[in-house]
Each structure stands twice: as structure tokens, then as C-alpha cells.
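**Q** Following the hints, complete the assembly by docking chain S onto the known chain G.
Heads up: the protein sequence lines correspond to chains G and S, in order. Heads up: the first sequence is residues 7 to 304, going by my numbering. Heads up: the second sequence is residues -14 to 280, going by my numbering.
Because the hints were derived from the structure by calculation, they are not lab data. Take the hints with a grain of salt, since some may be wrong.
[As the list claims (entries may be wrong)] No farther apart than 20 Å at their CA atoms in a straight line, the calculated lysine to any residue pairs in the SDA-like style are these:
{"no.": "1", "chain 1": "S", "residue 1": "K(-11)", "chain 2": "G", "residue 2": "L249"}
{"no.": "2", "chain 1": "S", "residue 1": "K39", "chain 2": "S", "residue 2": "K85"}
{"no.": "3", "chain 1": "G", "residue 1": "K223", "chain 2": "S", "residue 2": "G235"}
{"no.": "4", "chain 1": "G", "residue 1": "K181", "chain 2": "S", "residue 2": "E239"}
{"no.": "5", "chain 1": "S", "residue 1": "K203", "chain 2": "G", "residue 2": "E144"}
{"no.": "6", "chain 1": "S", "residue 1": "K85", "chain 2": "G", "residue 2": "K181"}
{"no.": "7", "chain 1": "G", "residue 1": "K223", "chain 2": "S", "residue 2": "F237"}
{"no.": "8", "chain 1": "G", "residue 1": "K209", "chain 2": "G", "residue 2": "R271"}
{"no.": "9", "chain 1": "S", "residue 1": "K68", "chain 2": "S", "residue 2": "R98"}
Just so it is clear, the structure is predicted and the values come from calculations on it, not from any experiment.
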Amino acid sequence: MVSIFTVAEIVRGEEKGKIEQVIFLPAEAGGWRWDGKDEKYNSGTLFDYMDGAAELYLAYGFQNLTVHRFEKSSQPAVTVELYEMSSSEDAYGVFSFERQDEAIGIGQGSEFGGGLLRFWKGKYFVSVYADGEGVEVESAILKMGRASANSIPALGLEPKLLGFIPGKDLGLVDKSVRYLKSHVLLNQRFFIAHQNILNLNRKTEAVLAQYIRDKQKAQFLLIRYPNLKESGDAYQSFMKAYLPDARGKDRSKTEDGNWTFVRQRNEFILIVFGAPTADDAEALLKATGEKLPGGQRR
Amino acid sequence: MKEKIVTRRDFLRVAAGTAMAATLGSGILGEARAEPTAKVVLIRNAEVLGDQGKIQGEILQSMLDEAVKSLLGAPEPLEAWQKLIKSSDIVGVKSNSWGKLPTPRELEMAIKRRLLDVGVPDKNIDIADRGVLNNPIFLSATALVNVRPLRTHHWAGVGTCLKNYIQFVPAPWAYHDEGCSSLGKIWTYPIVKGKTRLNILSALTPQFYGRGANFFDKRYVWPYKGLIVGTDPVAVDTIGAHLLRTKRIGFFGEDRALDVPPVHIMAADKTYHLGVSDLSRIHLIKVGWMEEVLI
Chain G
7 MVSIFTVAEI
17 VRGEEKGKIE
27 QVIFLPAEAG
37 GWRWDGKDEK
47 YNSGTLFDYM
57 DGAAELYLAY
67 GFQNLTVHRF
77 EKSSQPAVTV
87 ELYEMSSSED
97 AYGVFSFERQ
107 DEAIGIGQGS
117 EFGGGLLRFW
127 KGKYFVSVYA
137 DGEGVEVESA
147 ILKMGRASAN
157 SIPALGLEPK
167 LLGFIPGKDL
177 GLVDKSVRYL
187 KSHVLLNQRF
197 FIAHQNILNL
207 NRKTEAVLAQ
217 YIRDKQKAQF
227 LLIRYPNLKE
237 SGDAYQSFMK
247 AYLPDARGKD
257 RSKTEDGNWT
267 FVRQRNEFIL
277 IVFGAPTADD
287 AEALLKATGE
297 KLPGGQRR
Chain S
-14 MKEKIVTRRD
-4 FLRVAAGTAM
6 AATLGSGILG
16 EARAEPTAKV
26 VLIRNAEVLG
36 DQGKIQGEIL
46 QSMLDEAVKS
56 LLGAPEPLEA
66 WQKLIKSSDI
76 VGVKSNSWGK
86 LPTPRELEMA
96 IKRRLLDVGV
106 PDKNIDIADR
116 GVLNNPIFLS
126 ATALVNVRPL
136 RTHHWAGVGT
146 CLKNYIQFVP
156 APWAYHDEGC
166 SSLGKIWTYP
176 IVKGKTRLNI
186 LSALTPQFYG
196 RGANFFDKRY
206 VWPYKGLIVG
216 TDPVAVDTIG
226 AHLLRTKRIG
236 FFGEDRALDV
246 PPVHIMAADK
256 TYHLGVSDLS
266 RIHLIKVGWM
276 EEVLI
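Okay, chain G solo, but in the shape it has when bound (with noise of 0.2 Å):
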């Protein structure tokens, strides 16, 4: 069990006249001991730790990056990397970007896969590995995992954007829900144009996620925009460059054979891609006006 702890960050609250939030990682954890060295990264310098990879947390509101190592004789070391970010909806995008494993059960949200732990508790992302494999050092990160998250004291919420997609009645595949923050971020996962040809920005947030309809996915975008007229662009620009041939509609059938939809609903744009027919696509746009603001109502 993990038995000593010590302060390894003290951060701000998220709002001004809060009182300041200690967060505590643990010191050892089934037999590895913390290496005492506190490496920390901030916005100029995480490109140094990560070596390519920085874009991603910078995109989600980065603020900082905690990073203790753990050994043990005749063991590969294990890392653990606390990252905070500006709110708990960006900690749980940057879980959500690159989930595929099953959950196990740590913090707000987690995965377990090829000796990788990754989980969101509050405003944290969390990423706990080994450098190497084997039964022992699998249970001692999964033991470091629960001793960072129960250090971690406040919940956060998820996205409210998250709350307007179709759920598994219409074939949603949990694992497959992005929390998407920019246009590069979108194309890492569902590649869409190499321009950003539904301009997304700052003040835009999207979900991503993919469906089974009649044993074949099809993936559901939904986007929402500051304002009418934001959205209203946006959707004329994905038409022209997307579905130039769709001739006035808002549909078009695709070179693999599949269907393609875009609506406008307000400030938000749905896109259906990849839908075995009109009918399934059709589906997934109605669940969703249905919940969107003043959806009972058109």
C-alpha cells in the first residue's frame, strides 16, 4: 500500500480568492520508491519533455506538467506525469483524444492498456508507465495510478457538449467519444481536409464519435459554434468543399458507397460520415435535435 506521501505541487485554485490546492503524488507504490526529482514543465518548456507530442496538450489549455520517476532494484522504472490543465472539460478532451483500452476504475475516467494507465480526476490528466513489462510492475502502476487520483481532491465536469450526442440505443461505441478542440486535433482523429475547411477556433468545441449501424461505423460530428452566423459559414464552406456535389441538398452519397450529412441546427453543425444508408444517417441527426436547446420544440 502506498504509506508515505510527499508535497510534490502546489497550484492555484482555478478561480481567483480560492484557497490554493495542494496536490500530493505518492512517494512509493508496491515497492517503487520516488526518485526525489521533481521535473516541471510549463507551456515554454513541455516541447523539451515531449519532443513532438506538446500540440496536443497545448491545444487543451495546458498549464503545467509534474513529472516523478520511480524505481525499484531488478525493475524497470516507472514515471508518473501529472498534467494540469485549465479546466476539468480540457483534462477530460485530452483523456478522451487518445482512449482505445478498457476502463479500470481510477478517477473520473480511465483506460488500462500495454502497460499504459491513463486516467482524468478534476482539471488532472494523469499518464502512469513503465519501461518495461511484467506482472509486478503492471500492479505497482496500477497501485500509483489510485494513490495520484486519491491525491487529486475535486471532481470536475465533463463537457456539456458531450450530453447532446445519440446514445447506445443508435450503436454508440463509448471508447470512440473525442472531446475535440481544434481542426488539427479533429484530423488526427477522423481525417476530414487538410484545411480547415469547418473552421474551427478557439471559441469552437466539437465531439466526435463513432457509431455501429448495421455492423459498420459511421462516425457523428457535432459542433457548436459562438454564434448563428459562425455556424452558418461554416457549414456553407463544408459544402463547397466537401459535398460540392450534393446540388442543393444536404446529403451526398460517397465514393466508398456510403452517406454523407451535414445539418445546421443554430449554432451547432452535425455531420454524419459513412452511413450505410440515408435511414441510419437520418437517425443519428434526429436523436441529436432532439436534444440540442429548443430541439423538442422545431
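**A** Chain S in isolation, oriented as in the chain G frame:
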């Protein structure tokens, strides 16, 4: 001139076209070949990895020799290399030093051996990855040999030959946007433009799947024991990406998505005109061990 927007539908179109070409047979392929084509050599040897994966240098040298001979239609390795490199050239061998899957030292040495055989003085050859912008050989190079391992990559989808030149710009991260679609632009800069004589993907132990920039998972590395060699970097990368995709489908039972699709390969063809990204227009010459060749 307005830049063409490459969308997902361009990929769907290519996939549909390739499938249709295969279905309709040689007639439509014959028409396709009226456009520029490329030649790529895939060579494999079952013995190149010994106990505990130790690379057998002599076998690797013979694989490289056979590949270059086949590529250039020369009877001997020296003649083949003489078609690529002059003794007066200053040669930079652009390697890759990523700690978890670097370019094998034995492969670097095999290349250098043939450069010396051609008559390039030792002092006019260097092998490097990071730091090429401060390397006097690379700064004055008249010829480049591009060599790196074949693997998936967080920002580019696949880490292949086109991606390997990202160290030739001072801010590599500036090319990560849009699936690294602008990587081809680097090949138009004076420090590299027109200098690359040979592109080699080490497929001895490729990594066919992964996620995150620093995540290396041995489960997704397999002993393919091959090299992919060509003068066209886009065609070499296309074959490499095709191999990794085929392996993913076999392993997972589906084409499990990478962190990003390798859009930069098609962009290198369609936007920067660096080579051929259409599989139907690439002549793949397969040499050596063919067990589980996959492509």
C-alpha cells in the same frame, strides 16, 4: 494559383479507383501506366535477424546490394551505386536516431561502405539525424541518402522517408499541423532539393501500430526482415504505409485507425509533385524471402 483542398473524399476516390482497377484487370491498369510510374524494390531475408534479433551485418549488406542492383538494373553493386553517386560528391546520409527504433548501425555502415567503394573520400561522408542544420557535410552536400526505420508516427501517421527530412528545418513542430501534410514542402528547400539519390526504409522490425508520440509497444513490432528501396520517396513511403496497413488488418482484423492518416504522402504527390502515391502506378519488385510478405 489556389491550392487544392485535399479531403477525405480524395482518399475514398483513390481507394475506389484502385479496387476498380484490380477488378477490371490489365486494361485500366494499362491506361493508368500512361501516367508517371515509379519502381520500388522490397527485399527480404529470413536470416538477417539472428539470435535475440541481432542484425547480421553481412546479410544486410547483401540485401542492400541486391536491392540497389534490382532497382537500377545493374549487374554489380558498384555499377549500381555509380549510377547514383559520383566520387566527387559530398554525401550526407540522413539517418534516424529515435531511441526506441533507430536506423540500424549495420545499415548505416553498409551504405557508407558502398559510398567509399564508389570513391567518395571518407572526409566527404557523414551520417547524422539531429543537428544536420549545423553539420558542414550536410550543409555542403551534393548528394543525400535517406534511410530510416518504418514505423507509425503520432503526427504523420507513418514515420517514413518523407518525414525523415523534418530535421532540415529549424522548427520541426511547425510542420505537424494538418497531419503533417506540408512535409513535402521541406523537400523543395535548397538544402535538400534535388539531392536525394536513394531512399531506404528499414523494414527489419517495423512498428505497425502505436499511439502517442513517445509510446513504443513491442506488441506492435514484428520481424519482417525487409528493406524497401527506391529513388522516389513518395512511392517508397506509399509501399511502406501499405505494408503497415496490411499488417494492422491482419493483426486486428480491421484497419485500426492510426493517430492520424498518412495524408502527407498523398500531399507530397498531389501538392508538391515529389513522386507517385498511387499504388496502381508503382511497380513493386519483390526479391528474396517471400513467406508472409503481406504485399
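**Q** Give a verdict on every hint.
**A** Each hint, compared with the structure:
1. For the hint linking K(-11) of chain S to L249 of chain G, the alpha-carbon distance of about 15 Å falls within 20 Å, and the restraint holds.
2. About 15 Å separates the Cα atoms of K39 of chain S and K85 of chain S, which keeps this hinted pair within 20 Å; it holds.
3. A C-alpha spacing of about 19 Å is found between K223 of chain G and G235 of chain S, which places the hinted pair at or below 20 Å, so the restraint holds.
4. For the proposed pair K181 of chain G and E239 of chain S, the alpha carbon gap of about 16 Å is at most 20 Å, so the pair holds.
5. Straight-line distance between C-alpha atoms of K203 of chain S and E144 of chain G comes to about 15 Å, which keeps the hinted pair within the 20 Å bound.
6. For the given pair, K85 of chain S sits about 28 Å from K181 of chain G by alpha-carbon distance, which is inconsistent with the 20 Å threshold.
7. In summary, the hint linking K223 of chain G to F237 of chain S is supported, as the alpha carbons are separated by about 16 Å, within the 20 Å threshold.
8. For the given pair, K209 of chain G sits about 17 Å from R271 of chain G by alpha-carbon distance, which is consistent with the 20 Å threshold.
9. Only pairs whose Cα atoms come within 20 Å are accepted, and K68 of chain S paired with R98 of chain S is accepted, the gap being roughly 16 Å.
In this structure, only the earlier hint numbered 6 is contradicted, and the remaining ones agree with it.
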